[in-house]
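There are 2 protein chains.
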Amino acid sequence: MNDFKVTPWEVSGDIDYDELITRFGTKRIDEEMLHRLAKYGPLHPMLRRGVFYSQRDLEWILDQYDKGNKFFLYTGRGPSGHIHLGHLTPWIFNRWIQDTFDVKLYFQMTDDEKFLFNDNLSLKDTKNFAYENALDVIALGFDPAKTKIVLDTDCIKLLYPLALEVAKRVTFSTAKAVFGFDNSNNIGEIFYTSIQAAPCFIEHALYGKATPCLIPCGIDQDAHFRVARDVAPMIGMPKPALLHSKMFPSLSGGDKMSSSEPNTTIFTTDNPKTVKKKIGQAFTGGAVSVEEQRKNGGRPDICAVFKYQFILFEPSDEAVDRLAERCRKGEVLCGECKQILTERITKFLEVHQQKREEAKEKVQDFMLSSKC
Amino acid sequence: MNDFKVTPWEVSGDIDYDELITRFGTKRIDEEMLHRLAKYGPLHPMLRRGVFYSQRDLEWILDQYDKGNKFFLYTGRGPSGHIHLGHLTPWIFNRWIQDTFDVKLYFQMTDDEKFLFNDNLSLKDTKNFAYENALDVIALGFDPAKTKIVLDTDCIKLLYPLALEVAKRVTFSTAKAVFGFDNSNNIGEIFYTSIQAAPCFIEHALYGKATPCLIPCGIDQDAHFRVARDVAPMIGMPKPALLHSKMFPSLSGGDKMSSSEPNTTIFTTDNPKTVKKKIGQAFTGGAVSVEEQRKNGGRPDICAVFKYQFILFEPSDEAVDRLAERCRKGEVLCGECKQILTERITKFLEVHQQKREEAKEKVQDFMLSSKC
Chain A
42 MNDFKVTPWE VSGDIDYDEL ITRFGTKRID EEMLHRLAKY GPLHPMLRRG
92 VFYSQRDLEW ILDQYDKGNK FFLYTGRGPS GHIHLGHLTP WIFNRWIQDT
142 FDVKLYFQMT DDEKFLFNDN LSLKDTKNFA YENALDVIAL GFDPAKTKIV
192 LDTDCIKLLY PLALEVAKRV TFSTAKAVFG FDNSNNIGEI FYTSIQAAPC
242 FIEHALYGKA TPCLIPCGID QDAHFRVARD VAPMIGMPKP ALLHSKMFPS
292 LSGGDKMSSS EPNTTIFTTD NPKTVKKKIG QAFTGGAVSV EEQRKNGGRP
342 DICAVFKYQF ILFEPSDEAV DRLAERCRKG EVLCGECKQI LTERITKFLE
392 VHQQKREEAK EKVQDFMLSS KC
Chain B
42 MNDFKVTPWE VSGDIDYDEL ITRFGTKRID EEMLHRLAKY GPLHPMLRRG
92 VFYSQRDLEW ILDQYDKGNK FFLYTGRGPS GHIHLGHLTP WIFNRWIQDT
142 FDVKLYFQMT DDEKFLFNDN LSLKDTKNFA YENALDVIAL GFDPAKTKIV
192 LDTDCIKLLY PLALEVAKRV TFSTAKAVFG FDNSNNIGEI FYTSIQAAPC
242 FIEHALYGKA TPCLIPCGID QDAHFRVARD VAPMIGMPKP ALLHSKMFPS
292 LSGGDKMSSS EPNTTIFTTD NPKTVKKKIG QAFTGGAVSV EEQRKNGGRP
342 DICAVFKYQF ILFEPSDEAV DRLAERCRKG EVLCGECKQI LTERITKFLE
392 VHQQKREEAK EKVQDFMLSS KC
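Respectively, the protein sequence lines represent chains A and B. This note's numbering puts the first sequence at residues 42 to 413. This note's numbering puts the second sequence at residues 42 to 413.
One or more hints might be untrue.
Note: identical chains are not told apart, hence a pair may lie in one copy or across any two.
Unchecked claim - Straight-line alpha carbon distances no greater than 25 Å define the calculated PhoX-like cross-link-like pairs of lysine-lysine that follow:
1. 318 / 217
2. 108 / 370
3. 403 / 297
4. 370 / 217
5. 111 / 348
6. 165 / 250
7. 280 / 145
8. 280 / 165
9. 80 / 297
10. 198 / 250
11. 388 / 314
12. 68 / 250
13. 401 / 217
14. 403 / 198
15. 314 / 280
16. 318 / 145
17. 336 / 314
Everything labelled a hint here was simulated from the structure, so no lab data went into it. Bear in mind the structure is a predicted one, so any value in this text is a computation, not a measurement.
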């Protein structure tokens, strides 16, 4: 067993993503599944490149879809700070599924969770971050007619009865085993997974329909939905299906970009100067001298700059392969790569920040609370 | 240590009420306090006779009141079935405080609690009982302008942020110690005390005011408010004060009238024939023969019929003392007492049932949910 940890509240060590499939009992997205998915539209690069690499019950979701029983998407965000590129990755992927399958998305903002799990945040803080973060969601171009943001404390009247149905069927033993809780956890933390499970069944509360639910999320969130999946049949609901992504890497080369390490994290609100500085200091694994790099080549497998192109910024698989090849041969130096990535991120953020400003006028169109 | 148990979910054994004061660390309502209370209006029989016999911070509540800082009342009901006389006792007392001090009352209906703690009840069941039970509250003549019924699932948007503030500051260790939880309790049960604590601070949520709160309730509910009182200063709120009553006895002579033993319990919906039958079978502790009873006398100290007169139906202290005296001397037989009590309960229920019917038109005036 490798010495790494992946839970909703802690990701540490060198993650072995194959091992996680075994550990969590999920299913790899294999060639056959990619082939099937390609029938609905051009495969997203994050699928082709194995960024979204694991699933639960995706076959069933597609079977239902093929029979005319559309699923809805459910994803979310714990609003404890500003948004970075690692947060955007699964959201961009959600947008692709929404467009490809023409389906609804419920986007949960867990202001209650972040309040309960952070000593230094007030409920007002997390609610403010929720509105700030909603701007980043909206900026990605979701269709307001098909996308609703579910702010927990605002939509609690809708969520609470669903959460109670879940909570009644989850013992502290289970919560301990799944989340690693002990006697020092507060009773809100212990209850919270019920609230994260609730949107899996939200269409039943809204429309009386047991609509299939597909959750694209980081694999660190799987624990919550293992609980939700265990409970679903007990309350007469279909188990939510999942699509798991790997973590978005830190600029330091670590496995997960984290808001708590701002120098190795690109926030959507960063200005070009800051981006340049952060990318300039990024970990690449390159050699100490130009001479040596030319001779021995670089290491795209551990290079943060390469991973960013790979995950988010280079749409062409061929270009990615060529870049890796040239790097390994020493034909491209880290400085060049950093410059290209800096330009791409700067351009991306310029557009995003513009759309984020425009989003301020649209927030109410996206909030579910105005409907419940 | 006596072998009895008093928690919000279990009352068993022969309760030693004096011992409970020590065990819970509350304060007896002594002569000095009764003297002070008498200044606000004629003392209620339940105070004179020690039915409400224990308190926390009542001096402070009265000090604040004397300075012009009015408290509000908070009491409640777990809607898991129909209402019996034992439920009405503290509500009648609340009505007296409301009238005497001209204060508001928030009446919590914990449909969520009863759902979480009862395998056989759905949330729909407990919500239905909540509306049924509300009729009994309203029938007691509370002023709708000063009385609001807080149905948890309906008012959760107001209660949840308050509950989160509490939950963040209560560990599982504390919940275990106070409520006797273990690993087999469900995570909703563990969280629930936060929801019962929330109305202590409801005026802060509604009006931004840290209004003093006084909770008249059965002493079995004390555990919830020990938790609420510990947390209050941490969130900048005054500790809720308490007035504790003894349990309303069962007709079998047991310490607590219980819905789960319908034959020894008078429900507000019982008809005269049922009342007559139940009282006829009540435990009195009297002798097996008339002859023996005339000779040795009865035992009002353990007689359920006497306790009912004492607690609820005989307003005159003198008449109560005289009845006890006559019973001990064998001057009154159990049959006579049962007949008098039957008549009084029948008359009381006739009026109550009429008012309960009229209450059906008034429910919306009393529900807080229409305001939040």
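For this structure, which hints from the list above don't hold up? Numbers 1, 2, 3, 4, 5, 9, 12, 13, 15, 16 and 17, in rising order.
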